[in-house]
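Novice: If you want the building blocks of each chain, they are given just below.
There are 2 protein chains.
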Amino acid sequence: MISKRFLSTRFRLQGSVSNHLRRLSTPATMISVDDLNPAVLKVEYAVRGELAIKAEEFRAVLQDPKTASSLPFTKVVSSNIGNPQQKGLDQPPITFLRQVAALTEYPELMKTAKDAFPPDVIERAQELLTEIGSIGAYSLSQGVLFIRKSVAKFIEERDGYPSNPDHIFLTGGASPGVSLLIQMLIKPVTPNNPDPSGILIPLPQYPLYTGTLAQFSGTALPYYLDESNGWSTSPAEIEAALAQAKEKGVIPKALVIINPGNPTGALLDESTQEELVRLCEKHRLVLMADEVYQINLHRPKAAPFTSFKKIVRRLNSPIPLVSYHSISKGVTGECGRRGGYFELANFPDELVALVYKMVSVGLCSPLSGQIGVDSMVRPPKPGSPSYDLWKKETDATQAALASRTHTMATRLNALPGVSCVDSPGALYLFPSLYLPEKAIEEAKKLGKKPDEMYAMDLLKETGICVIPGSGFGQRPGSDHYRLSCLCPGVEEYVGALERFHLSFMKKYE
Amino acid sequence: MISKRFLSTRFRLQGSVSNHLRRLSTPATMISVDDLNPAVLKVEYAVRGELAIKAEEFRAVLQDPKTASSLPFTKVVSSNIGNPQQKGLDQPPITFLRQVAALTEYPELMKTAKDAFPPDVIERAQELLTEIGSIGAYSLSQGVLFIRKSVAKFIEERDGYPSNPDHIFLTGGASPGVSLLIQMLIKPVTPNNPDPSGILIPLPQYPLYTGTLAQFSGTALPYYLDESNGWSTSPAEIEAALAQAKEKGVIPKALVIINPGNPTGALLDESTQEELVRLCEKHRLVLMADEVYQINLHRPKAAPFTSFKKIVRRLNSPIPLVSYHSISKGVTGECGRRGGYFELANFPDELVALVYKMVSVGLCSPLSGQIGVDSMVRPPKPGSPSYDLWKKETDATQAALASRTHTMATRLNALPGVSCVDSPGALYLFPSLYLPEKAIEEAKKLGKKPDEMYAMDLLKETGICVIPGSGFGQRPGSDHYRLSCLCPGVEEYVGALERFHLSFMKKYE
Numbered sequence: 001m002i003s004k005r006f007l008s009t010r011f012r013l014q015g016s017v018s019n020h021l022r023r024l025s026t027p028a029t030m031i032s033v034d035d036l037n038p039a040v041l042k043v044e045y046a047v048r049g050e051l052a053i054k055a056e057e058f059r060a061v062l063q064d065p066k067t068a069s070s071l072p073f074t075k076v077v078s079s080n081i082g083n084p085q086q087k088g089l090d091q092p093p094i095t096f097l098r099q100v101a102a103l104t105e106y107p108e109l110m111k112t113a114k115d116a117f118p119p120d121v122i123e124r125a126q127e128l129l130t131e132i133g134s135i136g137a138y139s140l141s142q143g144v145l146f147i148r149k150s151v152a153k154f155i156e157e158r159d160g161y162p163s164n165p166d167h168i169f170l171t172g173g174a175s176p177g178v179s180l181l182i183q184m185l186i187k188p189v190t191p192n193n194p195d196p197s198g199i200l201i202p203l204p205q206y207p208l209y210t211g212t213l214a215q216f217s218g219t220a221l222p223y224y225l226d227e228s229n230g231w232s233t234s235p236a237e238i239e240a241a242l243a244q245a246k247e248k249g250v251i252p253k254a255l256v257i258i259n260p261g262n263p264t265g266a267l268l269d270e271s272t273q274e275e276l277v278r279l280c281e282k283h284r285l286v287l288m289a290d291e292v293y294q295i296n297l298h299r300p301k302a303a304p305f306t307s308f309k310k311i312v313r314r315l316n317s318p319i320p321l322v323s324y325h326s327i328s329k330g331v332t333g334e335c336g337r338r339g340g341y342f343e344l345a346n347f348p349d350e351l352v353a354l355v356y357k358m359v360s361v362g363l364c365s366p367l368s369g370q371i372g373v374d375s376m377v378r379p380p381k382p383g384s385p386s387y388d389l390w391k392k393e394t395d396a397t398q399a400a401l402a403s404r405t406h407t408m409a410t411r412l413n414a415l416p417g418v419s420c421v422d423s424p425g426a427l428y429l430f431p432s433l434y435l436p437e438k439a440i441e442e443a444k445k446l447g448k449k450p451d452e453m454y455a456m457d458l459l460k461e462t463g464i465c466v467i468p469g470s471g472f473g474q475r476p477g478s479d480h481y482r483l484s485c486l487c488p489g490v491e492e493y494v495g496a497l498e499r500f501h502l503s504f505m506k507k508y509e
Numbered sequence: 001m002i003s004k005r006f007l008s009t010r011f012r013l014q015g016s017v018s019n020h021l022r023r024l025s026t027p028a029t030m031i032s033v034d035d036l037n038p039a040v041l042k043v044e045y046a047v048r049g050e051l052a053i054k055a056e057e058f059r060a061v062l063q064d065p066k067t068a069s070s071l072p073f074t075k076v077v078s079s080n081i082g083n084p085q086q087k088g089l090d091q092p093p094i095t096f097l098r099q100v101a102a103l104t105e106y107p108e109l110m111k112t113a114k115d116a117f118p119p120d121v122i123e124r125a126q127e128l129l130t131e132i133g134s135i136g137a138y139s140l141s142q143g144v145l146f147i148r149k150s151v152a153k154f155i156e157e158r159d160g161y162p163s164n165p166d167h168i169f170l171t172g173g174a175s176p177g178v179s180l181l182i183q184m185l186i187k188p189v190t191p192n193n194p195d196p197s198g199i200l201i202p203l204p205q206y207p208l209y210t211g212t213l214a215q216f217s218g219t220a221l222p223y224y225l226d227e228s229n230g231w232s233t234s235p236a237e238i239e240a241a242l243a244q245a246k247e248k249g250v251i252p253k254a255l256v257i258i259n260p261g262n263p264t265g266a267l268l269d270e271s272t273q274e275e276l277v278r279l280c281e282k283h284r285l286v287l288m289a290d291e292v293y294q295i296n297l298h299r300p301k302a303a304p305f306t307s308f309k310k311i312v313r314r315l316n317s318p319i320p321l322v323s324y325h326s327i328s329k330g331v332t333g334e335c336g337r338r339g340g341y342f343e344l345a346n347f348p349d350e351l352v353a354l355v356y357k358m359v360s361v362g363l364c365s366p367l368s369g370q371i372g373v374d375s376m377v378r379p380p381k382p383g384s385p386s387y388d389l390w391k392k393e394t395d396a397t398q399a400a401l402a403s404r405t406h407t408m409a410t411r412l413n414a415l416p417g418v419s420c421v422d423s424p425g426a427l428y429l430f431p432s433l434y435l436p437e438k439a440i441e442e443a444k445k446l447g448k449k450p451d452e453m454y455a456m457d458l459l460k461e462t463g464i465c466v467i468p469g470s471g472f473g474q475r476p477g478s479d480h481y482r483l484s485c486l487c488p489g490v491e492e493y494v495g496a497l498e499r500f501h502l503s504f505m506k507k508y509e
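Chains as they are written, first to last, in full-length UniProt numbering: chain X, 1 to 509; chain A, 1 to 509.
Any given hint could turn out to be false.
What the hints assert, rightly or not - Okay, derived cross-link-like pairs now, DMTMM-like style, lysine to aspartate or glutamate, Cα gap no bigger than 20 angstroms in a straight line:
hint, chain 1, residue 1, chain 2, residue 2
1, A, 438, A, 457
2, A, 111, X, 350
3, A, 357, X, 44
4, X, 87, A, 437
5, X, 448, X, 44
6, A, 114, X, 115
7, A, 460, A, 492
8, A, 357, X, 57
9, A, 448, A, 437
10, X, 310, X, 274
11, X, 66, X, 50
12, X, 87, X, 491
13, A, 357, X, 34
14, X, 54, A, 349
15, X, 54, A, 166
16, A, 87, X, 108
17, X, 149, X, 108
18, X, 392, A, 120
19, X, 246, A, 35
20, X, 149, A, 56
21, X, 282, A, 349
22, A, 42, X, 350
23, X, 357, A, 57
24, A, 507, A, 461
25, X, 357, A, 44
26, A, 381, A, 120
27, A, 75, A, 498
28, X, 87, A, 349
29, A, 149, X, 123
30, X, 381, X, 108
31, X, 149, A, 50
32, X, 444, X, 350
33, A, 381, A, 156
34, X, 111, A, 127
No wet-lab data here; the hints were simulated from the structure. These numbers come from a predicted model, not from an experiment.
Take the sequences, apply the hints, and build the full model.
Specialist: What follows is the structure, given as structure tokens:
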């Protein structure tokens, strides 16, 4: 006879073994990649991909005193992303914006710490709070009307043409607005709609566009920018891409223009902009104008910014235009706040209402971002108590970025096997690499693209994280990388880049 | 001979007429609804739909002294949405959270206005800033690790089971995480994948779920909650919905449970939760547990909250679970900040990495929301300088909501033709209306659902904006509305509801 105790032990063991097996088999049996929307697998987003993850690993190694000395560098520099206020970078926040933000967070300070704030800051915060109430409350899905009116005024003053606050949508940075419009324009392929929808995307491009297109199973219709001509945009290249789309049966829906360019930093001249608007008219395209770097201008006289809204209005063009702006870049650099807007032009009311419905499902963009947008479009005026400090801070940021970009481009251009357009705008350089045959063979062996290998080696040897050109798209056979120009201590930084590059070239010569 | 001047005038006129016509024809010729993804047209989101828009119109009328007296009420009460800090409602922000927020916005105040902040607030802000650097910088896409560790600790203390910060994603409220998971789980219908994907959704439900499903062309598989049993969830109803899905060839991918319920306020008991977990095991479903109202409990002894994470771990179940939480509800009520998180359980690493990639495309959630999450999961401890005020504030909010909900339910139940479950949780009531035949006929004539007509009349006569039951889903032939229990001055508010209801019933009797 088997004892009770034995039985119970046996069952316990069985139970435990079966639980153990169950745990082991959990991932395979209950959910796997095969259960997912296959579009998810196709999304690529290099800016926060393999290199960025490796950079975070190194950062953790450096933080631990036991392991810190195992690496040949003492800090990781995140040049992979345009994140001006990141630790170790050198774009300080604008005091005016932060003071307004602090008062809207905790209005009691207007009484308890009145002296810590200039009077125009207190006035602005009061004005915003009167409109908004608590910044802990949802606003209208489209954003606070009062702030949309400020944005409309800013656009009118910039362009000299009217702007309608009802056609402005405040968003959490520019990205959600880009994603929304792509989602709205891409018609899924179905038996009744057999032709895929496509969107014209510049190459190189900020991977938000291809990433979002992959998510919504749209087709990217790439057109190349002309590196030999300062990364300029050629309407003929776009026409060629349209002809290719037609051959493949893809319906083109929109043209994406990034101006100033990301990752190229190029600026469009007005005559090209006019041609592009006419091209959209001819092909019935929505123009998606990503203008988030509109005030990051390093040589504003030689290479000024003109908005597409102004061009469209000046030409009296009927093309549907979506223009994007953000507080993440420019002199504001408030990425973490998540604020921005898009303006619709030439969209019929019915479509504006549909956009409104779609943004409603996501409720509203963060109020701290909305208030950041207000501060961006309504900076202190000359003569007001906050003006001098604001001017000093923003001038310093502009000057530092312009001089750093130029120095970096000059030094990179002096290296063997590197050629770099000296960008007139945005926050980046996108140098071209002419790598030795041996390096290209080595990369092949590793199953990597040559610039991927280069960027990974650079990170491992210097702690500098850049993104290979393959993450942005480039002509086959060419190699690039994007680095942001936000690093402090340009001498030390470029010195490390130079040393790495020379030793890399020597290794594979 | 025609004079030069005449010619030029004539051309000018022609140009102007053609431009004028062009403008008139713009909407029709360049973009129309036919150019859009048809899924966009199917999205419905009643919480911010027709009634909410009409309420905003009334608000504008009341703000203008010339028109204010044209309406039979003096204020609009937005009971259509759970927005605790909205103007005119009565849930004040938590001082501790706002003080921490103000200092992270403008750290200079630690020097210039030190006395305006308790020492534990300063300590917390310093700790956060050491980890984050500037709140104007992007964090990791998944959210600040330090804050994810705080969340993991909160979950561990709540449930008694381990939580992994790497499986926690900080999000801008709960909605973006819901949307992401739905997008990842729904496989588009293609020739190679002919069977539509479905997600089990309770009815009535928060329309985020059906709205997002419509966006991604997924199929809602509705299961009804049992109003006669306090809006309880019946596994048998879900089995029936699954059988129906099978008949229609729809592949069920996930089960959505909202606990505490929205719009019902119902709470699940643990044995039902266990049954639901077993049901997910049996049918290989992802469990999406929307637990954003987890601390909005009006009778916590009789109807406590237990997380699904706890149940899944206690049963040692292998089901993939996504649990959502938010700072928008509860005693925090910080909707406008956009903060929340989701935790993945039993997701293989490969899938966690895919989720990471997808959130990366959207960069990161707002830092002010992430910091809000930290304050929610790490409130002041007993004995700390901020504790007493925090306790007083949160107790007052809990007590006011509980007493108001009960009073409103009792008074609504006393009305002829109304029956209302006295919700034990969340922020809403969802009374059932038994409307006279004549009212139903009148609605039919107007092309409206009866509860839509009722809600619109209520708004027009009292300024109280509620959402008809049809916006949440209800059994055919039944009529309801959802109202939030956040209104102040319950006597005046319920008085207006009662007078309207009685006159409506009389009108159509």
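Novice: Would you mind marking each hint as holding or not holding in the structure?
Specialist: Hint check results:
A threshold of 20 angstroms between alpha carbons decides the hint, and for residue 438/A with residue 457/A the separation of about 15 angstroms falls inside it, so the pair holds. For the hint linking residue 111/A to residue 350/X, the alpha-carbon distance of about 52 angstroms lies beyond 20 angstroms, and the restraint is violated. Restraint check for residue 357/A and residue 44/X: the C-alpha separation of about 8 angstroms stays at or below 20 angstroms, so the hint holds. The hinted pair formed by residue 87/X and residue 437/A fails the criterion: a straight-line CA distance of about 67 angstroms is larger than 20 angstroms.
Distance check on the hinted pair: residue 448/X and residue 44/X sit about 15 angstroms apart at the alpha-carbon level, within 20 angstroms; holds. Our distance criterion of 20 angstroms between C-alpha atoms is met by residue 114/A and residue 115/X, whose separation comes to about 12 angstroms. Between residue 460/A and residue 492/A the alpha-carbon distance is near 17 angstroms, which keeps this suggested pair within the 20 angstroms criterion. At most 20 angstroms may separate the alpha-carbon atoms for a hinted pair to count; residue 357/A and residue 57/X meet this at roughly 17 angstroms.
With a C-alpha separation of about 14 angstroms, the suggested pair residue 448/A and residue 437/A falls inside the 20 angstroms cut-off, and the hint holds. Under the criterion of a C-alpha separation no larger than 20 angstroms, the hint pairing residue 310/X with residue 274/X is consistent with the structure, at around 10 angstroms. Under the criterion of a C-alpha separation no larger than 20 angstroms, the hint pairing residue 66/X with residue 50/X is inconsistent with the structure, at around 25 angstroms. Simply put, residue 87/X and residue 491/X have alpha-carbon atoms about 19 angstroms apart, close enough for the 20 angstroms limit, and the pair holds.
Simply put, residue 357/A and residue 34/X have alpha-carbon atoms about 17 angstroms apart, close enough for the 20 angstroms limit, and the pair holds. At most 20 angstroms may separate the alpha-carbon atoms for a hinted pair to count; residue 54/X and residue 349/A meet this at roughly 17 angstroms. Restraint check: the Cα-Cα separation between residue 54/X and residue 166/A comes to about 16 angstroms, which is no more than 20 angstroms; the hinted pair holds. Between residue 87/A and residue 108/X the alpha-carbon distance is near 17 angstroms, which keeps this suggested pair within the 20 angstroms criterion.
Restraint check: the Cα-Cα separation between residue 149/X and residue 108/X comes to about 27 angstroms, which exceeds 20 angstroms; the hinted pair is violated. Straight-line distance between C-alpha atoms of residue 392/X and residue 120/A comes to about 34 angstroms, which puts the hinted pair past the 20 angstroms bound. Straight-line distance between C-alpha atoms of residue 246/X and residue 35/A comes to about 17 angstroms, which keeps the hinted pair within the 20 angstroms bound. For the suggested pair residue 149/X and residue 56/A, the alpha carbons sit about 16 angstroms apart, so the restraint of at most 20 angstroms is met.
Note on residue 282/X and residue 349/A: the hinted pairing is violated, with a Cα-Cα distance of about 48 angstroms set against a maximum of 20 angstroms. Our distance criterion of 20 angstroms between C-alpha atoms is met by residue 42/A and residue 350/X, whose separation comes to about 14 angstroms. Distance check on the hinted pair: residue 357/X and residue 57/A sit about 17 angstroms apart at the alpha-carbon level, within 20 angstroms; holds. For the proposed pair residue 507/A and residue 461/A, the alpha carbon gap of about 14 angstroms is at most 20 angstroms, so the pair holds.
For the hint linking residue 357/X to residue 44/A, the alpha-carbon distance of about 8 angstroms falls within 20 angstroms, and the restraint holds. Restraint check: the Cα-Cα separation between residue 381/A and residue 120/A comes to about 10 angstroms, which is no more than 20 angstroms; the hinted pair holds. Of the pairs offered as hints, the one joining residue 75/A and residue 498/A holds, with about 17 angstroms between alpha carbons and a cut-off of 20 angstroms not exceeded. Taking the CA atoms of residue 87/X and residue 349/A, the gap is about 29 angstroms. The hint is violated against a cut of 20 angstroms.
For a cut-off of 20 angstroms, the pair hint linking residue 149/A to residue 123/X is broken: about 39 angstroms separates their Cα positions. Between residue 381/X and residue 108/X, the direct Cα distance comes to roughly 26 angstroms. Violation of the 20 angstroms bound is thereby established for this hinted pair. For a cut-off of 20 angstroms, the pair hint linking residue 149/X to residue 50/A is broken: about 23 angstroms separates their Cα positions. A hinted pair counts as satisfied when its Cα atoms are at most 20 angstroms apart, and residue 444/X with residue 350/X does not qualify at roughly 53 angstroms.
Between residue 381/A and residue 156/A the CA atoms are separated by roughly 17 angstroms; this keeps the pair inside 20 angstroms, and the hint holds. Among the hinted pairs, residue 111/X with residue 127/A is inconsistent with the structure: their alpha-carbon atoms are about 26 angstroms apart, more than 20 angstroms.
Hints 2, 4, 11, 17, 18, 21, 28, 29, 30, 31, 32, 34, counting from the list given before, are not met by this structure.
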